[in-house]
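Q: Spelled out from the first residue to the last, the chains are:
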Amino acid sequence: MSGFWGVCRAIVGREFLRFIHQRERFLAALVRPLVWLLVFAAGFRAALGLSIIPPYQTYITYETYIVPGLCAMVLLFNGMQSSLSLVYDREMGSMRLLLTSPFPRWWLLFCRLLGSTAISILQVYTFLAIAALFGITMPPLGYVAVLPGLVLGGLMLGALGLVLSSFIRQLENFAGVMNFVIFPMFFLSSALYPLWRMTESSPLLRDICALNPFTHAVELIRFLLYLQINWIALLWVILSTLILGAIAVWGYDPARGLMKRKA
Amino acid sequence: MPEAISAQEATGGLSVRDLSFRYGAKTALDAVSLDVAPGCFCALLGPNGAGKSTLIALLTRLLVAPGGDIRIAGHDLRAAPRRALADLGVVFQQPTLDLNLTVRQNLAYFAALHGLPRAETPGRIDAALDRLGMRERADEKARALNGGHRRRMELARALLHDPKVLLLDEPTVGLDAAARQSITDHVHDLADQGLCVLWTTHLTDEVRDTDHLLVLHQGRILADGTTGEIRGDTPLSDWFLSKTSVQA
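The listed protein sequences derive, respectively, from chains Z and B.
Going by this note's numbering, the first sequence opens with residue 1, and the numbers climb by one from there.
Going by this note's numbering, the second sequence opens with residue 1001, and the numbers climb by one from there.
Hints listed in this document are in silico derivations from the structure and should not be mistaken for laboratory results.
The C-beta atom is built at its ideal place from N, Cα and C for all residues, glycine as well.
Errors might be hidden in some of the hints.
Stated by the list, open to error - Output of the computed footprint for chain B on chain Z, the stretches with three or more beta carbons under 8 Å from beta carbons of chain B:
id, region
1, 31-44
2, 150-159
3, 164-171
To be verified - So the derived list for chain B, only partly shown, Cβ under 10 Å to chain Z, looks like this:
id, residue
4, Thr1060
5, Ala1084
6, Tyr1109
Same shape as in the complex, but just chain Z (with noise of 0.2 Å):
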């Protein structure tokens, strides 16, 4: 059978189509990032002094350093809101029109998370417009540089949301799992603070972000942002991507009867 790229682009183009039709949601994906970025980090920057790490060979402001963080942020909030998307149509029956599609279901998924994730793209395109705006700038080559970072990510990111949405039953259920997802991945990273500066408050919280996939995320992020590879963190991210997405092939597995509450 034909059509694997014409499925594809149907779902992706119907996730643009989506979003275009919610600004409001693109309106809030920019405002998070960018109120971390001009308010927390302006107040922050003169509690925390920054040496000079990798990718980054000068001192450099925080606002600078937490950028890679929020591009990542801004996958990790378009992850979860394609979950809840996917718990939402789940609920609403269009999930039932995708599924009956005679294409292998992890074809569809994954052309599903290709769409956010796009989406997901275009929203840290933005943001970092807007921080150059303000000054925080990159190299100028890092922009382009970054895009498979960001790709990877942000499939990883929205693999994450997919195990979630299978294994979440209702749309009440949604926000408790998200506080434990979202807030913990988020703080128990590099994102806001450099792991050293974790070590000298506890080795333990240290390890534990160094384990968390959302770390390399970032940092992968933060050195192709400075036309540097971070060979651990591609890695890492690459293999949680893959075990994620095999989890979320098997979490739709029609056998396992992801519609078994109420089909």
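Chain Z is fixed; fit chain B onto it per the hints.
A: Relative to chain Z, chain B alone:
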């Protein structure tokens, strides 16, 4: 019933053998077997909770049962799910439209999900909408349509890929009398033209005496035959109530 399987398989249609399904300890379907021939309008009548929706979920592969066989237009749903699903059209009980998209966009999305060639899609969409008298609404947003028209559009969509078997899961829920009548008539016409139709409902007035009738109650098939013969001289609603309310 089971011995009739080969004739049905050769000609397509829908056939189910020994299908059981449990939600944990609760049995939803208990060794259900049924056959629907091409060109046949089969009404699957059952009270709420009889197992109709579970049966639809199994037939559409949203769920997979541990045992039993389902054949759609001759394709084994377990062994060749993609071929079986390609011959299946479904109208779900819940609406499955993107309300923010136009009718045409909704149909095009579905066409792509079914792998229809892009060049053919516009022509097929026009033809499908023409059949249901909805061509002039093609560029309106689904949100602008009333309940009856939304359902008609979902029916048009379910026929877009020329399925051999059409499943409708309580398709008239929430529609007014005129819309119900129109959609019931239309699907009967489709069956007369050779489509194999399985129509689930709990409303006896949607069933005609000449229809194939299956009565599902507490996960089992209670009756299987022609409606007129099954009900005899009793109105179908009375017959149905007497059969299904005793144990309830």
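Q: Run every hint past the structure and note whether it holds.
A: The hints, checked one at a time:
no.: 1; hint: 31-44; verdict: violated (count 0)
no.: 2; hint: 150-159; verdict: violated (count 0)
no.: 3; hint: 164-171; verdict: violated (count 0)
no.: 4; hint: Thr1060; verdict: holds, 5 Å
no.: 5; hint: Ala1084; verdict: holds, 8 Å
no.: 6; hint: Tyr1109; verdict: holds, 5 Å
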